[in-house]
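Please construct the entire structure, taking both the sequences and the accompanying hints into account.
Number of protein chains: 2
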Amino acid sequence: MKNLLIASTSTVHGESYLDYLLPALRLHFEKCKTILFIPYARPGGISHQEYTDYVAKSFKKIDKEIKGLHEFDNPIEAIKNAEGIFTGGGNTFLLVSQLYSHTIMTTLTEVLKSGTPYLGTSAGSNICGLSMQNTNDMPIVYPPSFKTLGVIPFNINAHYLDPDPSSKHMGETRETRINEFHEFNSIPVLGLREGSWLEVRNYKTTLRGALSARLFKKGEKPKELATGTDLTDLK
Amino acid sequence: MKNLLIASTSTVHGESYLDYLLPALRLHFEKCKTILFIPYARPGGISHQEYTDYVAKSFKKIDKEIKGLHEFDNPIEAIKNAEGIFTGGGNTFLLVSQLYSHTIMTTLTEVLKSGTPYLGTSAGSNICGLSMQNTNDMPIVYPPSFKTLGVIPFNINAHYLDPDPSSKHMGETRETRINEFHEFNSIPVLGLREGSWLEVRNYKTTLRGALSARLFKKGEKPKELATGTDLTDLK
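Each protein sequence line maps, in turn, to chains A and B. With our numbering applied, the first sequence covers 39 to 273. With our numbering applied, the second sequence covers 39 to 273.
What the hints contain is simulated information worked out from the structure, not anything from laboratory work. There may be inaccurate statements among the hints.
No copy labels: a pair is met if it fits in one copy or bridges any two.
Here are the simulated DSBU-like cross-link-like pairs (lysine-lysine), alpha carbons at most 35 Å apart as the crow flies [claimed, not checked]:
1. Lys105 <-> Lys40
2. Lys206 <-> Lys255
3. Lys242 <-> Lys206
4. Lys105 <-> Lys206
5. Lys105 <-> Lys256
6. Lys185 <-> Lys255
7. Lys95 <-> Lys206
8. Lys102 <-> Lys206
9. Lys242 <-> Lys256
10. Lys118 <-> Lys261
11. Lys206 <-> Lys98
12. Lys40 <-> Lys95
13. Lys256 <-> Lys185
14. Lys40 <-> Lys98
15. Lys206 <-> Lys261
Below is the structure:
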């Protein structure tokens, strides 16, 4: 029994933070008065408190209170007691390092598997997969492992970007990078475009949002999946 | 005493592999008949032999023979005996993992510090810095450490990209990522645009190529450095 909303991005171009998700979040966190926020990914290096304040403003629009995990002396207890949990984006290497150093990876997996409503955006979505190996982030700190929550049986590439045919840049495309991953790993990778999310409700996983997603499996051609696709059997 | 050519990219848009560098490479490897090629980064997942054959074609244009490191039973001896060394691009996580698993990181540092002519492109340039933490690559394998050769006292961001003001993508810009790095690290980072390289000759380091480079230092505003800038004192 799970209750997860795993989004590619917190923000779509031209809108305010989380705005495009608010109608879904109102339902998703229907039974929560207060949501526990995990601010460890620190986008742009802002502090835990700055990040928490920023997030609280958006959640106020749907009458939810936000408490930052950094405010608790015992983060394990805080996670166990949370009515709902949100992990925001930023740097995935930093987020994963912090989850390990606060020894909350296992507890977070347990509460998510037993139904605590969860929202992840960007780095907070990457950690839902089996490993963080399809992040786009820079390795600014060295985590003790790349293994993550594994509350879905595949990996996420957030902010998925199609190749730009007019580009003169010689760096790898996202597709090339994911193909390199599949030379060494067999975990399927779902490229979630900005504006898409996964809804994991009980035992059913569905692609939501306006766009299609791109699925990469080792040794197979990538596939476009229409919004609404049932991904329950993907592994 | 060092003799390094540290390039942002192997290839500039619209040209063949290494073409823009061949005039510099002819001089750089003047005294070498054979160059040892380190193919470990495997761009796009190609095999060591495929990669070596591809590189050999370009070096034939300046009458140099290429031998792949994978062809030797004892890679440590091969590096010690090399007349010149080239490490090609691909995935930096894979390259660094392989350098550690073949226990050649120390030997490679030693020969580079004692003057063996070296060419690095992309991932092969990232490893010249103190750490690989400013790579743009995906963490497709878990290396035992992010520490690299340290033959220059700062880090390289290869394929440096300026922010695109018309972009609607909400992922981090390169500058944002490097600033996040500086929240946790004090190593200067040189953003090398495609077509730029560093020339390290004896104790002098100079920016070469047609373009300026962008220097990031912790707590300072980024600076544009014109080609020809002396970077000997950067650390």
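Honestly, which of those hints from before does the structure not fit? Violated hint (a single one): 10; every other hint is consistent with the structure.
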